[in-house]
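Protein chains in written order, with this note's numbering: chain A, 1 to 291; chain B, 1001 to 1320.
Don't take every hint at face value.
[To be verified] Computed Cβ-Cβ distance ranges for the label pairs, DEER-style:
{"no.": "1", "chain 1": "A", "residue 1": "Tyr121", "chain 2": "B", "residue 2": "Glu1025", "range": "35 to 41 Å"}
{"no.": "2", "chain 1": "B", "residue 1": "Lys1308", "chain 2": "A", "residue 2": "Asn55", "range": "36 to 42 Å"}
{"no.": "3", "chain 1": "A", "residue 1": "Tyr260", "chain 2": "B", "residue 2": "Gly1134", "range": "16 to 22 Å"}
{"no.": "4", "chain 1": "B", "residue 1": "Arg1310", "chain 2": "A", "residue 2": "Leu74", "range": "35 to 41 Å"}
{"no.": "5", "chain 1": "B", "residue 1": "Gly1307", "chain 2": "A", "residue 2": "Pro223", "range": "55 to 61 Å"}
{"no.": "6", "chain 1": "B", "residue 1": "Thr1195", "chain 2": "A", "residue 2": "Val3", "range": "40 to 46 Å"}
{"no.": "7", "chain 1": "B", "residue 1": "Glu1077", "chain 2": "A", "residue 2": "Phe134", "range": "52 to 58 Å"}
{"no.": "8", "chain 1": "A", "residue 1": "Tyr121", "chain 2": "B", "residue 2": "Ile1274", "range": "45 to 51 Å"}
{"no.": "9", "chain 1": "B", "residue 1": "Thr1195", "chain 2": "A", "residue 2": "Leu163", "range": "55 to 61 Å"}
Because the hints were derived from the structure by calculation, they are not lab data. All C-beta atoms, glycine included, are put in the ideal place defined by N, C-alpha and C.
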Amino acid sequence: MTVFLQTLVAGILIGGIYSLIGIGMTLIMGVMGIINLAHGQLMMVAMYITLILFNVLNFDPYISLFIAMPCLFLLGVLIQKFLLNPLMKIESILPENQVLMTVGIGMVLTEIVRFIFSSDYKSVKTSYSSSAFFIGDISFSLPMCIAFGVALVFTALLFWFLLKTDIGRSIRATAQDKDAATLMGVNTGRITVITFGLGSALVAAAGSLLLPIFYLFPDVGGPFTLKAFVITILGGLGSTVGALVGGVVLGIAESLGATYIGMGYKEMVGFVIFVLVLVFLPGGLKRLTKI
Amino acid sequence: MKSKNITLIVLGIFFLLFPFIIRSEYYQHLVIIALMWVVIGSSWNLLAGYTGQVSFGHAIFFGVGAYTAGIFVTKLEISAWWGMLFGGFAAMLIALFVGWVCFRLRGPYFALATLAGSEIIRLVATNWESLTDGMVGILIIQSFRSKLPYYYIVLGLAAACIYAIHLVIKSKWGYYFVSIREDQDAAESLGINTTLYKNISLLISAFFAGSAGAFYMNYMAFIDPHVVFSLHYISIMAILVGIVGGVATIMGPAVGAFVMVGVQETFRSAFFGIAPRWISEAHALVFGLLVIFVIMFMANGIVGDWGKIRRVLLRSRPSA
Chain A
1 MTVFLQTLVA GILIGGIYSL IGIGMTLIMG VMGIINLAHG QLMMVAMYIT
51 LILFNVLNFD PYISLFIAMP CLFLLGVLIQ KFLLNPLMKI ESILPENQVL
101 MTVGIGMVLT EIVRFIFSSD YKSVKTSYSS SAFFIGDISF SLPMCIAFGV
151 ALVFTALLFW FLLKTDIGRS IRATAQDKDA ATLMGVNTGR ITVITFGLGS
201 ALVAAAGSLL LPIFYLFPDV GGPFTLKAFV ITILGGLGST VGALVGGVVL
251 GIAESLGATY IGMGYKEMVG FVIFVLVLVF LPGGLKRLTK I
Chain B
1001 MKSKNITLIV LGIFFLLFPF IIRSEYYQHL VIIALMWVVI GSSWNLLAGY
1051 TGQVSFGHAI FFGVGAYTAG IFVTKLEISA WWGMLFGGFA AMLIALFVGW
1101 VCFRLRGPYF ALATLAGSEI IRLVATNWES LTDGMVGILI IQSFRSKLPY
1151 YYIVLGLAAA CIYAIHLVIK SKWGYYFVSI REDQDAAESL GINTTLYKNI
1201 SLLISAFFAG SAGAFYMNYM AFIDPHVVFS LHYISIMAIL VGIVGGVATI
1251 MGPAVGAFVM VGVQETFRSA FFGIAPRWIS EAHALVFGLL VIFVIMFMAN
1301 GIVGDWGKIR RVLLRSRPSA
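Can you make the complete structure from the sequences, with help from the hints?
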């Protein structure tokens, strides 16, 4: 029983970070209808920014978070403005060009980082990296709890932003119906740029939070892109609540899979869920919650 | 029509005589690899270019074909060349399942579902050690020491693949495929069973990709899950071959394959040893930049945008 509870706790905690990654992706997908396959790579860039700040200026990763986020926001804005938006105007047979473009961007980011930092594994050792506290028999890793808490705070802030602010409303309007939003005077071109920046900033937060508990190498992004994608399908396309729940579900499922099936199959659990959702619950959790 | 036939005959004679003109094994190797990519790129093109179902997971079929050939040797102890046929069938079998799940989705979501599929199968191949030997990979003994037999086998495969796809596209099926790409709902309302024809397209595509995989096993004599199920070096490369050459053109992927293998090798070998060493480390970066460049400026590929390219070249000639 203790093993089961411990597994569950670990899954929920990592699920918080997954949610943060997934929300960024679902936001981008909801507004632009494309999946950003450079999502994990953007997180990787944020992790390297945090690493540099830690090594050079000795900044705590939780402080670097507030530097990495604006940096990635800017990077996201530039990518959307100069690489993705111009594609809308190009006539081509295949509409999937934008998705392929994000793959190219992801590759370029990975390779530039590999060029600068080489393929070596790196990690940040903070004083609290391996500290934990106990409730009963179950241990709670301190950095993971912090990460979970911060992830929840960011999600709440995002909700407030989307529901209450003017830009947030414009983003939701664009997601619902782009043409109608344009007719209502929303500058949809600018909204897509902001959304991509926002999504990148959220995944940057996830990267900084992940750094004290994870290791880092240029190819770290790929698996996280796929996780984010599984979360979006699980949660329902474009649904933020869905992404939040989906992230936690994925975290728990992976954690259970690693404990009871085997470490090698941990990554596969997510994809199996993905296939099951597509077959039995197309539309994801959004179908159940309607949000 | 006449001049087209002559071009084809000249090309055919050139490729038949190629190994006698260029004796260097290195260049023969490059052309063998390029011809293998012709097969993979063309098979991708049938599914993505003509039917509009952009697959990000062609490594599934390639890898399954390669593993079928490998397992024939390690487990059944028969020649890996049987894989050229049965690898294709195995890939078709997997394709049935892939189609059943993934054709529930459209557009980008289909693309990503196939991508997830290729990750699943890579993890299965890594972990199912009793069958695939996991990360150790499969090592067989090459049948021939000379490159010549491999060259003619892959040349035959490439020619058969292009000809088969040409036949399919000119048939009724081809028109169904294109109509599905252009407007799936309209095609459905005209009485075309879109799911059936998407699956047919996928099955044909999977057969050739699997066959190419089996050839890879025979030729390279070593595979492991990270090579044959690689997202970047198989699935994305297949897409690039198609897009660089020109989607929805018969000869596009063939042109694209030679261009891509050429570019890749030029950078990997640092311009054949002329440029400084660090260039070769950047070859993956160049690969990514090429993706961006091609999508931005040559969305229809070399064959598709040939008129545009020729205009640009002709215009720049007087000034240069």
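TODO: Taking the numbered hints from earlier one at a time, note which ones the structure violates and give those numbers from smallest to largest.
DONE: 2, 5, 8, 9
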